[in-house]
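*Asks:* In the order they appear, the protein sequences are chains A and B.
When the count follows my numbering, it moves up by one through the first sequence with no breaks and lands on 115 for the last residue.
When the count follows my numbering, it moves up by one through the second sequence with no breaks and lands on 226 for the last residue.
To be clear, the hints were calculated from the coordinates, so they are not data collected in a lab.
One should not assume that every hint holds.
[Claimed, not checked] Pairs of lysine-lysine residues, derived as BS3-like cross-links and limited to a Cα-Cα distance of at most 27 Å, are as follows:
#1 Lys141/B with Lys9/A
#2 Lys44/A with Lys218/B
#3 Lys218/B with Lys41/A
#4 Lys185/B with Lys40/A
#5 Lys52/A with Lys184/B
#6 Lys185/B with Lys36/A
#7 Lys9/A with Lys22/A
#8 Lys71/A with Lys9/A
#9 Lys141/B with Lys40/A
#10 Lys41/A with Lys184/B
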Amino acid sequence: DTAVSQTPKYLVTQMGNDKSIKCEQNLGHDTMYWYKQDSKKFLKIMFSYNNKELIINETVPNRFSPKSPDKAHLNLHINSLELGDSAVYFCASSQDPGGGGDEQFFGPGTRLTVL
Amino acid sequence: SQQGEEDPQALSIQEGENATMNCSYKTSINNLQWYRQNSGRGLVHLILIRSNEREKHSGRLRVTLDTSKKSSSLLITASRAADTASYFCATVKGSGYALNFGKGTSLLVTP
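If we strip away everything but chain A, and leave its shape as in the complex, we get (with noise of 0.2 Å):
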């Protein structure tokens, strides 16, 4: 039973085309994100959401565009794919505490090459 799973796990387009990646998480959780993780391992949050509210959108090019339908999921689109988004991408969530921040559960990763 995966916790948080993300689809597809690898994704190989070319530039300018539109991709989704969906994420779905079966924990109950209130809070989702999307982290991109570049070449260097570094991990960055892009979007934070909060019982499908937007709560942080981490200055990321409007090609990006969250969607959350309900609280279980969180897709990512992204629109006119360039050389630069090539990384990979994780989705996590975690439960709204109310203290200052939980443990997240993360996907196992999209990763996403544009040619």
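For chain A, the structure is supplied; the task is to place chain B on it using the hints.
*Replies:* Coordinates of chain B only, in the frame set by chain A:
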């Protein structure tokens, strides 16, 4: 920036030895967390230490936090080959609870 910085960047030890990784950060925090990432995998939460705690243990892991020095350390005792992974410290950033990661320490444990 609240970014954590791990030290060393890479560490190579033999099985049975202890591994110590350090993390520094810049601003006040709610808590500090350590994560492990095996090659090609997602991150796994190891331990969380709150700003009012100084030390925490979990199995072979020991974490310390010094808020006056804005630093934390992760000690893995009696290391095993299976401990080979990248280890990241992360601080909680603002009210959105997003994690602010350091650059990680790559640990190699050889049999």
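*Asks:* A separate judgement is required for each hint: does it hold in the structure or not?
*Replies:* Verification of the hints:
| no. | hint | verdict |
| --- | --- | --- |
| 1 | Lys141/B with Lys9/A | 34 Å, violated |
| 2 | Lys44/A with Lys218/B | 10 Å, holds |
| 3 | Lys218/B with Lys41/A | 7 Å, holds |
| 4 | Lys185/B with Lys40/A | 24 Å, holds |
| 5 | Lys52/A with Lys184/B | 37 Å, violated |
| 6 | Lys185/B with Lys36/A | 25 Å, holds |
| 7 | Lys9/A with Lys22/A | 10 Å, holds |
| 8 | Lys71/A with Lys9/A | 22 Å, holds |
| 9 | Lys141/B with Lys40/A | 21 Å, holds |
| 10 | Lys41/A with Lys184/B | 26 Å, holds |
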